Each structure stands twice: as C-alpha cells, then as structure tokens.
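Number of protein chains: 4
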Amino acid sequence: MNKFNKVVLAYSGGLDTSIIISWLKENYGCEVICVVGNVGQSDELIGLEEKALKTGASKCYIEDLTKEFVEEYIFPTIQANAIYEGKYLLGTSFARPIIGKRMVEIAIAEGADAICHGCTGKGNDQVRFELAIKAFAPDMKIIAPWRIWDLKSRDEEIEYALDRKIPISINYETNYSKDKNLWHLSHEGLDLEDPGVEPKYDKILEMCTTLENAPDKATYITLNFEKGIPVALDGEKMDGVTLIEKLNKIGGKNAIGIVDMVENRLVGMKSRGVYETPGGTILYAAHKNLEEICLDRETAHYKETVALKFADIIYNGQWYTPLREALSAFVKTTQENVTGEVKLKLYKGNLINAGVTSPYTLYSEEYATFGEDQVYDQNDSAGFINLFGLPITVKAKMDAALALKVK
Amino acid sequence: MNKFNKVVLAYSGGLDTSIIISWLKENYGCEVICVVGNVGQSDELIGLEEKALKTGASKCYIEDLTKEFVEEYIFPTIQANAIYEGKYLLGTSFARPIIGKRMVEIAIAEGADAICHGCTGKGNDQVRFELAIKAFAPDMKIIAPWRIWDLKSRDEEIEYALDRKIPISINYETNYSKDKNLWHLSHEGLDLEDPGVEPKYDKILEMCTTLENAPDKATYITLNFEKGIPVALDGEKMDGVTLIEKLNKIGGKNAIGIVDMVENRLVGMKSRGVYETPGGTILYAAHKNLEEICLDRETAHYKETVALKFADIIYNGQWYTPLREALSAFVKTTQENVTGEVKLKLYKGNLINAGVTSPYTLYSEEYATFGEDQVYDQNDSAGFINLFGLPITVKAKMDAALALKVK
Amino acid sequence: MNKFNKVVLAYSGGLDTSIIISWLKENYGCEVICVVGNVGQSDELIGLEEKALKTGASKCYIEDLTKEFVEEYIFPTIQANAIYEGKYLLGTSFARPIIGKRMVEIAIAEGADAICHGCTGKGNDQVRFELAIKAFAPDMKIIAPWRIWDLKSRDEEIEYALDRKIPISINYETNYSKDKNLWHLSHEGLDLEDPGVEPKYDKILEMCTTLENAPDKATYITLNFEKGIPVALDGEKMDGVTLIEKLNKIGGKNAIGIVDMVENRLVGMKSRGVYETPGGTILYAAHKNLEEICLDRETAHYKETVALKFADIIYNGQWYTPLREALSAFVKTTQENVTGEVKLKLYKGNLINAGVTSPYTLYSEEYATFGEDQVYDQNDSAGFINLFGLPITVKAKMDAALALKVK
Amino acid sequence: MNKFNKVVLAYSGGLDTSIIISWLKENYGCEVICVVGNVGQSDELIGLEEKALKTGASKCYIEDLTKEFVEEYIFPTIQANAIYEGKYLLGTSFARPIIGKRMVEIAIAEGADAICHGCTGKGNDQVRFELAIKAFAPDMKIIAPWRIWDLKSRDEEIEYALDRKIPISINYETNYSKDKNLWHLSHEGLDLEDPGVEPKYDKILEMCTTLENAPDKATYITLNFEKGIPVALDGEKMDGVTLIEKLNKIGGKNAIGIVDMVENRLVGMKSRGVYETPGGTILYAAHKNLEEICLDRETAHYKETVALKFADIIYNGQWYTPLREALSAFVKTTQENVTGEVKLKLYKGNLINAGVTSPYTLYSEEYATFGEDQVYDQNDSAGFINLFGLPITVKAKMDAALALKVK
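Protein chains in written order, with the UniProt record's numbering: chain U, 1 to 407; chain D, 1 to 407; chain G, 1 to 407; chain S, 1 to 407.
Hints were generated in silico from the structure; no laboratory data involved. Treat the hints with care, since some could be wrong.
Copies of the same chain are indistinguishable here, so a pair counts whether it falls within one copy or spans any two.
Using 30 Å as the maximum straight-line C-alpha spacing, the simulated DSS-like pairs for lysine-lysine come out as follows [stated by the list, open to error]:
(1) Lys246 - Lys59
(2) Lys87 - Lys54
(3) Lys200 - Lys178
(4) Lys309 - Lys87
(5) Lys332 - Lys200
(6) Lys332 - Lys246
(7) Lys237 - Lys343
(8) Lys152 - Lys203
(9) Lys395 - Lys101
(10) Lys51 - Lys152
(11) Lys395 - Lys405
(12) Lys309 - Lys67
(13) Lys405 - Lys25
Nothing here was measured: the structure is a model prediction, and the numbers come from that model.
Chain U with its partners taken away, still in its complex shape:
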C-alpha cells in the first residue's frame, strides 16, 4: 500500500464516509481533511462539520456550490434537454463533477497527496469523481476504499464502526441507498433490486407526495425563460437556486417527477432506481414547450440527437471533456431565441401545457390556419411533393421497367 500524509475525503456524514475517516488513518497513518460539497442536500448538511471532527478529521470544509451547480451544470443540461435513457434527469451525474473539481482545488491548496471517495466499486459515481480528478490533477492519487478493503456489507460496516466507537446514526426503517441534492433524490437497493416489484412509494418518496395524496385541485404556474434559462416564476424574477427550491415544493406537492426505471450503468450492469425530480421535471417540460415554438424544425430535430449524446456524456462523468464543451457550444447557440413564457397546469403527476408565448415564436397562425390566408400558395405543395418524392418516383419507374424486362 502507498503511504500518504494528507488525504482529502469527499465526506457526507453517512455510514460509509464516517468509517472511511478511521480506515484512512489506520491504514495510511495520514491526516484526513473532509470536504462536503453543498449541492443542495439541505438538512443532510446540519452538524456535518462537528461530526467530521468528532470522527477524526482534522478539518472539514463545507463548500457552498449551489449557485455554481445550478448555473453552470443544471441550466446547460436543461437547455440541452438531456435525458438519460428516456427517463433520468441526471441529478447525481452532474453533481459529482462539480464536487470532484472543488476537491481537487482544496487538495492542491492543502498540499494533500491523495483524494478519497466512498463510492462503491459497482457504480457510476466512482467514475464521475475520478474523471473530474483526472481532469484537474492527472497525477493525484485516488483512494477508493470500497474497491480495496475487506468490508463487504452494511452489517460489516456497522460492526467496524461499533468496534471503533465511530459515531453513526443508523436509520433502521429505511435504508435505501439515496443521493440527494437540489435537483433530485434517488433511491436504490432493497426491494427495488427486483424489477418485477412495484415500488412502495408511500415508504420511498420524500420530495414528492404520492399521486393519490396530491391535491384534487390543479395548480397553475407561469415560467419565464431567457435564452433557454428559467428566470422567473409566476411573474417574479428570482435566482436559479430559489427558483428550483420553489418548484420542488410546488412539484412535490403535486406528485410531479417520479420516475421508476432500470438503467444501464457505465460499468456494464443494469440497476433499478426510483428518482424524484419535481422541480426539474417542470423545468424540462416548460423548456420543451417553449422550444416547440422558438426552434425551427431542422434545429429541433438535430438537437434531439445531440441531447442523446449530451446525456450519455454527462451520465458517464465526462463533463470536463472537449466533447462536452463543444456540445454545450452547439446547445447554447440554439438557445439564442428560446425566450418566452410558459404556463403549466400541475395536477396529480400530470404537467399539462396551458399556453406558451414568445416574441421569437416561429409559429404563425397565418400559415397554420385551416381558414383562408394571404401568405401561402397551396399550389407550391404540388411542386414540393413532386421533388420531395422524386426519388420514390424514379425508383418506382426503375422497378416497373425491370419487371417488364423480366416478363
């Protein structure tokens, strides 16, 4: 095993990273500096610094990354309409890179010789953290205890903690594996590991109410976008963090944004998860509705294929790569005119379009109307169809000529 003097640890205060502090000190004889990237996990942050120090860390940074998280990671992803495998809004995926980057900065400032994370060796997050570290400190040593220690289960972890009197608070009721931030809350493990089983939503959901418990009366909201960025809710301008917090409340109350899926992890296996993304789901829907009137067809269709790639790239932790930057440049350019107002009706899990307007709308009632118009010569269609269909005509004639010859 390598020798390290000072290790920076991505700390959450949960069972895993609590144990890791001790484990690092035991195994490397090193100082451990905890870093908590605040990406909106809210109440999970309370008392973390104290806890870290009590558990043996020499220092604990609590870094408020929420603003940067929203503006530099979440909003560009909304602009891209990036959705992984048709369902997942990438809540954990883009949170890891921003934390990883901040950890590198602290590790360098602190003169640390390694960075440690508590991610399992079976998941995506190890990849996302480590790619971020490689991008900013390619020679930095990385310690991933789950890939090397002997602890094989939660029970062994608890035993390890009790042996060493590590302060842990075990929630015996619900111990799905969870990841929470401003954007979403994910749930994995336990009974969810059988895709044949319906999730027990009343036990699982935290950000959202269940569909059945959502109000019987619809909620209407209005969102304003500027160049693809949401800037106001119900007429009130507000910063991105506040906006998402408010939408999470409204959306959660109306049971918006609950997803259950089996997804393909980058590391090769499938996993099943339940995601709650109430505010995010509203923002995606609103943005899509606005794009429908602001983007021309060619741009909109090509952007659909870019969205697929963008989602893969984010999911795979490749945020800090030339391709992600180039895709973002594409996306940003498409958003030049995505400015306008979207009304939505929220009702028991449904997001219903209640009207969309934009100064840049490319929808023209004059062209679209079934009634009389002054702008469109229906005769143009005949020519259009003849040429658009010319390859079909030519092929049909070739087929017919060949068929004749055969006879």
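We have chain U already, so just place chains D, G and S on it with the hints.
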C-alpha cells in the same frame, strides 16, 4: 385542365370529400369511385357507402385494413419506439400510406386514370398520400382539389354544397379538424390555432375522459410481449386489433395519452394539435419498460437515434422507401429478445411501472446488488476508470506541460 | 406576369445571363442591374462590366467577395471536414449563399423590386440562391427564367441571342456546364451524363494536369494551422486567398483533387460531375492529419457525424440557418487546439502524410510504445475489458441459462 | 495464481507465443494446445504445427477460416462501407473475433480450462479476443501473459527464450510489430512511433510496391457485385478468397491502399500505424461507386452515419453483440439492389472511376440532363423551394417584425 374518365377518390363522407365528388364530375366529366380505407374510424364508417352513391359516386369500396394496419404499420412503429418531436405517436402518419396503397390497387383494378384526395395544400397528409401513390403507380395522375379550386373556406364549401343539394351533415357545435382511426384521434383548428391558449379538454376529448373525471381508483393491467409485439392483455391472448380497442377503453377511462403540442409540419410551417392516443400510449410505455431489461446498453442507445429517424420518415410519409425498410430490419433484429410481461398502474393520466419480467432479462440482481456478490470484482473498476479516463489524463498532462512551458 | 421596375441579376457574362438581360427588359420592361460576385473565378471576370452594359444592363457591380468567401465560408467548412457524399468538397455550394446575400444588399440599396438568377430549374443552385434571398429579404420577388421561359435548350438560347444581336462568345469546343471559383471547378453535362463512361480528363481538366502528366518527382510542402485555420505555407505566413491560390497551383501541377462522382441533388435526381479542387483537397488532408493528433477520440468520432450533417446543410443551401450556426459553434469549439504543422508529399494524385507535429498533440509516445513505459499499468486492461465486456458476459450467461432450461 | 490443467493458446509462431508455451507450462503446470486461425496470413503458416510441437505444445490446430472470414466478416463490412476514423479498413479488427470464436469451440471440445493470448496489455487485440471469448464462454478463464509476467521488452523475451532453448527465428532487420491476413498487413512501432516522421515505405511495404515503383501504365479492371457482394473480376466469376488474393496482387503492384495514420485505440491512447490493404481498398472504392447509382439519397446519407457506428463496433471488438447484428440487418437490407458492374483504372496509388452500370441504377439521364426532357417540370422547383425554405422565410419575417418593434 386534364381530361379524366374515371377517378378514384379517398372518401371519408365529410364535407370536403362530399363536395369533391360533384366537383370532379363537373370539372372532368368523369366517373367517381369512392374508396374508404377502414383503419378503425368505427362509427364514422356507418352509412358511408349509401352516402357516397347518393352524392354521385358510381361505386364505393369500404376496405377493411384494420388488421394490416395494426400488424404491418403500428406494431413495427411501437417496436421502434418512434415518437415525433418527443410527443406525437404518428397516428395519422402511418394511416395515410396504407390507404394510399390500397387506392392504387383499386385504381389499377378499375382502370382509373387518376386518384384524388381531399387533403389541404398546407398539411402533411397530401404528401403522405401522394408519396404512397408514387411508390406504386409513379405515372398515376393525382388530383388535389384544395390546391386548385376556388373554394377558400368552410363557408364557401357549405355554400357550394347547398347550391348543388349535396347531402351534408354539418356539426355546428364542434368543428375542429379531426382525424380518427384505431390508434388515435387528432384535433386541430379553431381556438387551438393560438398556442397561448389552453385547450378546452372537456369540449375536445372523445376517446379520453378528462384527467379530473378519471376514476380515483387506479386500474392495474398486465401486458405480454413476444419479440416486441403485444400479444396478451391481463393474461388473455388476443389479436392486435382487439388488444388496441380494449386498451383504448381502459386508457381512455383513465385519461391516458392526451398530448398538446406545436409540431413542425413537413411543408414548413408549425401547427398546433391535441392528440388522444390512449391505447398507444400504454403500449409505448409498456414496451419501453420491457426493453429496459431486455436490451443491452449499446443497442438501446443506438436505437434511440434510430427511433428519431424512424419517426421523421413515418411523419414525412416515406413509409414505402428503402430507408424505412432498412430501419425496420434494424429494429426487428433488436426485438429478438423483447419478450416478457409488463404490469402497469393507470391512474388519472399517469402510467406507473408496476413491475416487469422477462426470460431474457439482462438485469442481474447479483451484479446490481449493493450487498455482497460472487460475480463482480470491484477492483476491475480501477482499471476500467484508468483506461476509460485515459484521454482525459493525457489531455490534462498535455495542458499542464504546456502551462509550465508558458511560464 | 408581375410588373417590375428594377431587377438585380446574378450575372456571369455567359450565354444564359446575357440572354436574360434582354429577356427581363422585354418581358417586364424593367431596368436590369447586374451583380457579379467575385469568388475567385479570375479570368472569367475580365471585361464583364463592359459586356454587361453593352448587353443592356444599366449598371454592373463587380463585388470582390474572395476574402470573405475564404474566411467566413471555406475555412469553417474545412474545420468541419464537411464532405458531401464522401467526395464533394462543396465548392459551388458555399459560393451561392455569399453571392445571394450580397445581391440582397445591393437590391435593397438600389430599391430593386426583384432578384433574378440564371440557374436551371433542375439543379441545386436555384435553391441555394433563393434560400439566401429569403433569409435576408423574405418578401423579395425572385425571377428564375429557366423555370418560366420557353427556351428549352442551348441551341434555342443561341438563336434567341442571334435574333437580338446579343453579344455572346460561344465556345464550340468544350461546353460542359462549369462552375469556377477560388476553391474549385466543376464539370457536368455532355458525355459525363452517362455514368458508364470514363471522363476524358485530358479534355476536361483545367486546374489540374492529368495524373499521367504530373511530375515524376514528388513535391513536399509544409502547412501550419492555428485553431484549425491554415495560416502558413512552407514557413511563410500568408492570407487565406493567397494560400489557396498557391495550393491550387502546387496541387494542380501534381494532379491532386480530381473527383468523379454521381451525386444526389437536393431536388431529387442524381447527377454526375467531375470536380477539380486541388488546393482544397490538400487543405482537407492536412487538417485531418493534424486533427488525428490534436482531437481526443470522443470528440473526433462525434465530429464525424456532425461533418455529415454540416455537409448536407451546406449542400442544400441552408447556410443562413440556426442549425448551421449551431453546428459551426460546435465545430469552432473543437478547433481550440488544432494548431500545428503538417508535412505532405504530393505525387501524381497522391497526398502522403510526411509528418505532423503540434504543441497540443495528444499522441504520447510513452503511452503508445511497444517498449517499456513508466506510465501505463497493463493490468488496468484486465479490469477495463471485464467491465467494457460485462454486457456481453451477462447476455452470454443469460443465453446459457435459457439453453439449459430448454433442455 | 490459478491452477489450470489444459490451456488453449492463440498461436502465431512468433517470438511472443513461442515463449508463452514455456511460460504457461512453467507457471501453471498445464498442457498447452496451440490454435492457429488461418485468416490468410499465407507463408506465416508454413511449418507452424511442427514448430508448436517442438516448442512444447501437446497439439496444434491449424484452422482454415479464410472462407468464413471473407464471407461472414469482410463482405458485410464492405457492404457497410465501414472505415475507422476515415482511414482504417479494419483488417485486424474483424480477424480477432473469428479466431476467438474458433478458440472457444476448440477449448470446449478439448475440455480446456483457460484460453491464452499473446496480445499486449496496451492494445485493442486483447479486447477483441476476450470479448469474443466472453460471448461464447462467459465463464472461461483468460490468461494474458503480457499483463502479468515480468518480461518488459523484446530483449527480455529473447533472453527468456535463449535461456530455455526455445526455438525462435529473430529477424534483426525489420521488427515493426506486424499483423497480416488475407485483407491487410499492418505495421507499428520503431520509427513509426514518432508521428512527425515520414514512414520509410521502401523498408516497410510488403504487399504493395512504392508509389514510385508502380508501373507507368495504368491497369484497368472490372468488378461485378451482387447485392453488395463482389462476385467477379474482369468477367470471371470467382469465390471471395480468390478474388481478394487476385486484387491484392493487382492493387499491390499499383501501390493501392497504403495508409499512414494516428488512430485512437479503444484503451485510451493514440497509436500510429501504416496499413497496406490493396485489394480491400479497391473493393471499397468499387462498392462505393456502385452505391452511388443504386442507393437513393435518404438511404445513402443515413447509411453514412451507420457506417461510422459499424466501424466503431468492429474496431472495439464488439462483433458478437446484438447491436452489430442489428446494424448488419440494416446494411444487408440496403444492399438489395447494389448489383452491377464497376470499372476502375489503377494508376500509381490512384483508383479512378472508369464507369459504373447497374440494372438497378437510380441515375436517370432523362432527369439529369441539361438538355430538354419530357419528365421533369421545372416549375415544380418554385414550389419546392418555397416550402423547403419556408422555415427560413418565417424566421426572417419574425426577425424583421422584431427589428421594427425595437425601433
């Protein structure tokens, strides 16, 4: 103007095609043969033959295309997961080609010298009809009255009809432009022509109840697929037509599959429509859920891009083209193992995954579990990340070396 | 027919546009203002103004667009590596938009009420011109004589000209349809209309010598790029226009860049053409070689798909569209590090890579070597392969388990 | 270390695999069975069985895979036009899977408990071999000595061999790392490891002569294809193996198919190689020329994107995957009409199209001609352009209206 002896007309019994019978006879002195392609428009078909003859047609074919429509057009499109612009399930798009093809067959059998349709010169359907005609009879003359006559509005049509005592039944209450078949019902026009306005669903919906009127108690269903084709509902094997009819009822009752969108027409303008596709929406969701466990990642991801192209091709009326055939060959091959059972909960517009199983599932609890396993060596991840991330490492080192040089 | 007072004509001095001056004046009683967009057609420009006035134009603009053509149209297309249908370097395609745009500017300044071009109704250029006009003057009237007049052939044109004593110089020896500019020279028509026939290169080629006549001794050149833009030849910095002129000479002498292809026109039919693009072919090859060491895999591979779309967009005349702009933003971002030096050997039609270097190279001999290295742990490969291949493993196990059950 | 009784080794008779026989026996005490997959490496096969036995193998299979290699791997890849990173014709990539598959069959028949290969831990071939093994025997143990033994260089290998009196024949003159089969010959290593250096072709080339030494007189050939498969050369029908052998001779003599490139390996680093693929290059060019007249535009363009994916998949060793099968189904369907005759002129590295014909040609002189025709109404273009350009018009009008408002 050309001279024609016998014209085959795509007939619906509505205002447009009723007038067209007279108009054709007046302008070309020709015999008019009506063809109705039954693609599941149900009650719209009642009395059509009689009406056509009374209106001046010499003959009226009512062609039952429902089985072929479901098996040859709808099912391959479900297998592809093709959705136009993220929302539209292509209900009208794939109905036109099958009708167009049948019309050519009848026109040839009847020795007709032209085919006529009542599509507006501003829409997609004229393209879809005419491409189908060109594919099977590239030299057949096509008459599209809306592109050439002087009638400019519904009112002028009615006047034309009254002048000639053409029997028409005008529904003064709701005259959205509609297209109905087994798969869907579309609504366009009137107040929907303003995208800023919320649709009056209680006035519009026919296949579906409104969200508010859907039952407070969820409905559970089970669907079985074989190679991507739905074959049974709630344990009962049934043919495709029956299956869709049943799902339309169940889905409609639960307000499933209502879409409101502004879409890009092939002919260059945007239009706004409301679609009801209750059964289809259920089938897409179920099929997607099943694919999540039956398709490997690479296939699933590439298939997402193919689905976009497939949707464009169908939307644009290019069903009878070599590319559509090649895409279908791709899709069909991917469905080899898409066999299994999907449970869904239907509740007030929501389709909730209630469990999915397959003999071909690629989901492996052993690999996915957070607990201990015997199959996965977490150490493999370290190597994987190092090589997957090698381009990032190399670039970061190059950047660092360059930065040093600059200093 | 419409009435026009003043018409701006895209003028080349050839047979077609010479006749059109008279035809416009005869048919519309209008003043005709000729515009020649100089995009490097060199000797074709000599005496054009005088000729135009003599032929009846009231004014003739000769607009030097070469610099803008190279910097704003050619270079971004090189950066994209855009090639239409695997062969065509888009020489005519991106020349039309820039001329069309300038014509609109002049038409507006002159208060003209229509723009006229001499493109045939069967080709791509009519589309490219007219889309450019629509982009900058959507209400401008467009006159395309070939689509409306009665002249059906070159012979009828000549007769028309002789009747009216229009000064024309007819080259009876070679009358392929040609388009020349700084970037390329295209040839269509005559015996080339039969794809079964080998082109008579000794009669056709003008920019290039034939392969057989190219020197027996190779020519070596060195090109320098900055951010994907060629900036120096053989160590000498020079502007883009000069660079391409010099490369055309060197390339032409060595028979570089001769292409013979059957291509798909936007208007639906196939056509066969021979293209000479000596300098352009060198630039594409050099740029590609440089990208091989400067772009990471993910970017390079995705950029290959973008190049296909970019080529379509350019070919189809959609230069002034939001999608082209967004694709350009993508491409530009990828070129950030495409800076370096490329050596090429030119020999009888061959372009041989003779070495490429860059301060931003991502090629690392240390990683690549077959010998010993200090940077790469070969053990990482085992983990990489296990996870990269995990979907294959899982599927194989599923197949095996199923096979067992069947027994 | 694991214990093994019987190991199947992918044997070539070269230095690496000669040593490996001893190393396996020493380290595992196992029996070693050599397997040579004959994919056309010709003279490299002579005396291999004897050599293997003399070196300590208990058995040596020489498996003739040439016919299967050509028909099941090479031809489908030609049909796809798959080229990796614009240059590489995948010669090694698709040879590995077929050998890997045969090794599994033999390993199972022999009751072996492991398969061993001599690929370096830095390359693609280890991945390609192992993915093939996993596809057919997911639980088979795999031994990759280069990833685990202490030998770090060629010199250490030679020492190891001399120590143990392993019969080896060392070529001190040229020891580029090479891979040869019916399709190609690749060269890596030594001075090629510096991309700044021009390859010494006179020392490197084996299948091809140098450009300078190619004959001064052109060679003409005729190739016939049926459904995208080459079936005859110069009018003589022949099987695929013979055809490629003959084309290799003709092409090699004319210096066709020499490529020098820096490519991106799957395992994350770039490498530089020189490839000779004389016959293959001819087949690709001929097939492309034929497709130009036999495929419609939409199919041809979409197929270009599929070719990129197909090449990646093959390069990455994912031959035995559902995605490759589905892509092949797509490709095969597109080849239905790719039947015809292609003439090519071969001259000093150049492949010049000398005419192409097909009963299924979609090229129509009547449509394409610049002269008069009876089939195409040029007026159709006006309508086509108006609708194709409608999104541009609408956007330009919106822009203009907005600009007015701002004033």
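Problem set entry | Hints not upheld, ascending by number | 1, 2, 5, 13
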